[in-house]
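So the protein lines, in turn, are chains A and B. Terminal number for the first sequence in UniProt numbering: 419, no gaps in between. Terminal number for the second sequence in UniProt numbering: 285, no gaps in between.
Take these hints with a grain of salt, some might be off.
[Said to hold, decoys possible] With a cut-off of at most 25 Å between alpha-carbon atoms, the simulated SDA-like pairs for lysine to any residue come out as follows:
1) A:K132 to B:F195
2) A:K132 to B:P199
3) A:K132 to B:I190
4) A:K132 to B:L198
5) A:K132 to B:G188
6) A:K90 to B:G188
7) A:K132 to B:M189
[As the list claims (entries may be wrong)] In silico contact screen, one side only, chain A against chain B (beta carbon under 7 Å); selected entries:
8) A75
9) L77
10) P97
11) Q98
12) M104
13) F106
14) P113
15) G124
16) R128
Because the hints were derived from the structure by calculation, they are not lab data. We put the CB at the ideal spot given by N, CA and C, even for glycine.
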Amino acid sequence: MSEKTSENQAAPATTLTAAISTREPVGIRLENVSKRFRGGVEAIKDVTLAVAPGEFVVLVGPSGCGKSTLLRVLAGLEEVSSGRIHIGDKDVTTQLPQQRDVAMVFQSYALYPRMSVRGNIGFGLRMRGIGKDERRRRVEEVAQVLGLEHLLDRRPAALSGGQRQRVAMGRAIVREPQVFLMDEPLSNLDAKLRVSMRAQLTLLHKRLGVTTVYVTHDQTEAMTLGQRVAVLRDGVLQQVDTPQQLFHHPVNLFVAAFIGSPSMNFVHATVSNGAASFAGVRIPVRPDSPLARGDRKVIVGVRPTSLSLASGNGQPELAVTPAIVEDLGDERFVIFDVDAPRVDTEATRAAVEAQAADDALLVPLDRATFTARLPAGTPVTVGEPITVALDPDRLHFFDPATGASLEEATSLTRGASSR
Amino acid sequence: MKTAAEAPTRIRSRWSAYVTTTRYIVLFALVCLFLIPVYVLLVTAMKDPAQVSPSRMWQLPDSFSLDTFGAVWPVLEPGFRNSVLMAVPASIISSLLGAANGFVLAKWRFPGADIVFPLILFGMFIPYQAILIPMRELLTDWNLVGGLSGLILVHIIYGLPITTLIFRSYFVTISDELIDSAQVDGAGMIRTLAFVALPIALPAFAVSMIWQFTSAWNDFLFGLVLTSTNSWPVTVALNNIAGGQVVPFHEAMASALLASIPTLLVYVLMGRFFMRGLMAGALKG
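Next up, chain B with everything else stripped away, as it sits in the complex (with noise of 0.2 Å):
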């Protein structure tokens, strides 16, 4: 028992050693390459001032310091804080009322649910330049340019045909004897949502919150138009930095890498809902 566990006999080919080391070969040498930006943003942030320059952007830094980032800081801050403002209600709310939508077209279903729902996946393939210069005109006439919550409000709108798809197919898998069931108790449907259908979607809420954080948070063009200088997101302030006269690498690189943490954070910290099995135990055994 003991040694077949320690030397399991394995159905392979001849070739497999062969085989498995070229793999691994082609594959590293892939991720390389898709790691060499990384690579130059990271060495470049960490080299003294005087290093920095084009011509040497491969060579490893004489010294790491992470002095550059304690000073792109202080400028960087009110972009940063206004983006978190930003980033967060709005993709909580947009992935609310993307559940609310998709719980109704998949499970509560209404006469024209069918053309409803195609119409709402539209919204996600209008390119944001065609509607710009109506959008601030119309933001304009509510008073709501200049501050973060008409930002706010078109990410959340802006949001809602990708969450509304997200849950839309997650409630698609989930059984409808578990509605049936929650209607018999008594449940209506915004408390069928509310206690059954929602902390069963944790995973697609998870997958709804990530996307939407990180297209709110890395979009550049709505925070440009419309908001003012006070209520900059941190991509427009990014901007700012890298687009001076003479353009300091290291501080660039440094703040590219600040503003790109949450989104980083996000992800790490919702992925562990991605784990499957949050159904388990709902159904016949």
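In isolation and in its complexed conformation, chain A is listed as follows (with noise of 0.2 Å):
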């Protein structure tokens, strides 16, 4: 295999197959997990998160969210201030990480610097008084897994940052852990090579089978890789569900805020009669809705995929004047204003500047913004008047004080129950 072909491709599925002898995989249980560091800094709140054995869980929530401290304490780096953690049917709250059966892929990879790859990976065995025969053959099976059978004998220092990464990757794997814990391993790659290894994971993942918690603040990881997903806020879980689950029937403000790009639209509005209208628009409210009945005021919520050209089949219309359009070749981005209050809840500004999405925030107005996102074909001009459609089943409504989301009052329980 080439250094080129290398750096950006595992080795090919067969190689994989017998090398690594799985374990049966182990399930993950926190109950009521707390973590108050010295100083009174609050990181995680009361946290119950159950990982099924074979599983790959995703933690996401924006920076200071307490996802990595939450990864920390599951590898026994950082104590409890309350709670338990099982993994299997072992309660580890109070062992020390090298007595807990983790493997840990950081962020920063964190190499032994003076150890060749093969000392790098070895370690884990090393320091387990594994015998030097079965740790070459051991790490031997691993570097052939991973591509690096070559790169054996270097340094780190001499190693391409993805070279680096699969090293870090080889060090979790070799150990043959119960539980694999990832804390950002993509985010030091560039762009193209994180979209490939975010590929590569999903089929280690399947060939192993080991139990995985994954952290991240890139949504588009967290929903491509998690098999469910963790949405943290404060260090308190927000919701816990499939990524589809969490798209569209996300339980609050901020998860849907959150989830999804471009962001979701949001718009403050009232209902009535069965219906809700902002800006001079009537929505009809489906009659099975809580919602049908009675007045209230609501935030609106409104995908980019859900905003459309009107084509006159009966969709609630908006007369709108594009202010920016955003070619992306294959879409097109489209920002307009709408005559209605802008809304600005707190969630909806962590869940935004965690993205640091800068659609919504370039026009500072205290009218509300949109972002509709329509095929590349669609003849929109900046300053044009034109007529969008929106898709009345894919709205979501939450209530402006609490931000729980109204609508999906049923899936709600149901997502908080899937822990």
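Relying on the hints, combine the two individually framed chains into one complex.
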């Protein structure tokens, strides 16, 4: 395998088969885990989470939300302030990291600089008293899986970023641990390599079947990798669900704003007589919805993909003037103002800042700003009025005071119970 | 391409030629000033005994000879050997203990570390004269006066504050994730220190060794007070050569030169570990 290909691709899948024996996967249970640092910062608040055996769970949230702390607590690198942690049927709450059967991949890779690649990968085995011959065999197997055979005698300094990343992975894999913990392992790779490594990670997880907890702040990574995704905000677990459920049935404003790119559009609206209205549009609410009866104020959430050019098919329509048109090749993002008050809650701000989304913030008006995701060929010009249609079945309603989802009242309980 | 390499276009002021010349003249003058004592040391050591006198100290010798070195070596040799036997273990053990201290204070934090560290540093500022008599009494009780072991112990302990400081400052700069990673890989404190931290700390080790070796080797006071004639380090032996009735300058100079060689040697040998880049490759590209 040439240097070039090994950088971007893992070894072919066939070589990966029986090389690594896997053990029966085990689950992880966090029960009411809280972590308060000396100085009083509460990084994790009463988190209860169960990871099924062999599951790939992603912890996602803006920086400072406690996701890395939660991972470190799982690894035993931080003590919990209260709560219990179980790996398999063992209570590991008071165990040292070296006693827990977990392997961790760090954001910086944390390779031992004075050891060769062989020494790095074999270090965990050496510390666990595995004999020289077996160590050699297992290190070479893993090196082959990851396409590192020709690099075994090099020092980390002589490796490229992608190769270092794979050594860090190899160091975790070779131990055949019960649990993989990964702390933003792809964030230091360039964009292209990141995408290919993401796919490889999914493959690797399929093959090894080891229970994995993966931390990232990148919601795209979370959605593509996780079988289930746990969204954290300020140390509080918001929702744990499949990517599909998170996207289509967010339990609150924060999750709605955080998941999806570009972010969901929000606008203040009032509901009366079975219809929500803002900016002169009336959108009928589903008759089975709890909102269908009574009057109240709500926040309406509209995905950029729920907007389209009006085609007269009876959907509620909105006359707008595009302020910005972003051409992405196969699609266009059209940004425009809506004649209704802007939603500026802490939850949406926290979520949007986390993604450094510049689309909404560029127009600092007190009017709501929408982004529509339209097909590439759509005839749109900045400053020329257009009419967009909203898909009434794909709107989200939130309580302006609490941020909780209103329309999804039923799925909220479902989402919260699937821990 | 080739011409560009041969005559690169420099950005420089009109006066830069004069400024550069002046700068070198000033620097050269300062170097000469600095090296005057070394000049006297060298020329006196190589002079014929008959030519040595304070009035002619600036003159070059008529003929260079190394005879004086041969003459003083037998007198100096026992002290020289004692100093090696004392300074090598004193600097190695003190550096290793300092590395352990520094590692714990920087990377394996414990409650109260912020109080312990300044207390350790305090040791650097205790004047030796203040503890000389109690120390001698204590070592007498422990039966460690006279031989080298007492002197070694004292140098190890008095080196700890500085070696701790050197290693702590160094370990603070290495990534926490490296230590975390070793822990998750199954290494406890001792093995993390031995397998992960110490190999990275070679530059700090070199600094610590140079410092400790030099100060142990050059020490006179402790050597004089704590050892008997058979165990005199080279500094005390040197004083005996130079301290007679008539001062034989050429012998004193030759002995001093010989006695200073090991510290220079340690610097030359260890200095190459000063190089940077030992951490290269640990972290993201």
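Here is what the structure says about each hint:
Distance hint between K132 (chain A) and F195 (chain B) is fulfilled; the C-alpha atoms sit about 16 Å from each other, no more than 25 Å. A hinted pair counts as satisfied when its Cα atoms are at most 25 Å apart, and K132 (chain A) with P199 (chain B) qualifies at roughly 21 Å. Pair hint K132 (chain A) plus I190 (chain B) holds up; C-alpha atoms about 21 Å apart against a cutoff of 25 Å. A hinted pair counts as satisfied when its Cα atoms are at most 25 Å apart, and K132 (chain A) with L198 (chain B) qualifies at roughly 23 Å.
Distance hint between K132 (chain A) and G188 (chain B) is fulfilled; the C-alpha atoms sit about 20 Å from each other, no more than 25 Å. Restraint check: the Cα-Cα separation between K90 (chain A) and G188 (chain B) comes to about 21 Å, which is no more than 25 Å; the hinted pair holds. Proposed proximity of K132 (chain A) and M189 (chain B) is supported: the alpha carbons are some 23 Å apart, at most 25 Å. A cut of 7 Å between beta carbons decides the hint on A75 (chain A): the least distance to chain B is about 6 Å, and the hint holds.
Proximity of L77 (chain A) to chain B holds as hinted, the smallest CB-CB distance being about 5 Å (cut-off 7 Å). Taken as an interface hint, P97 (chain A) checks out: its beta carbon lies about 4 Å from the nearest beta carbon of chain B, inside 7 Å. Taking 7 Å as the C-beta contact cut-off toward chain B, the hint placing Q98 (chain A) at the interface holds, the least distance being around 4 Å. Using the Cβ-Cβ criterion of 7 Å, the hint placing M104 (chain A) at the interface with chain B is satisfied: the shortest such distance is roughly 5 Å.
Proximity of F106 (chain A) to chain B holds as hinted, the smallest CB-CB distance being about 4 Å (cut-off 7 Å). A least Cβ separation of about 4 Å between P113 (chain A) and chain B falls short of the 7 Å threshold, and the interface hint therefore holds. Interface hint status for G124 (chain A): upheld, as the beta-carbon distance to the closest one in chain B is roughly 4 Å, under 7 Å. At its closest, the beta carbon of R128 (chain A) sits 5 Å from a beta carbon of chain B; the interface hint therefore holds under the 7 Å criterion.
The structure fails none of the hints (numbered hints given earlier).
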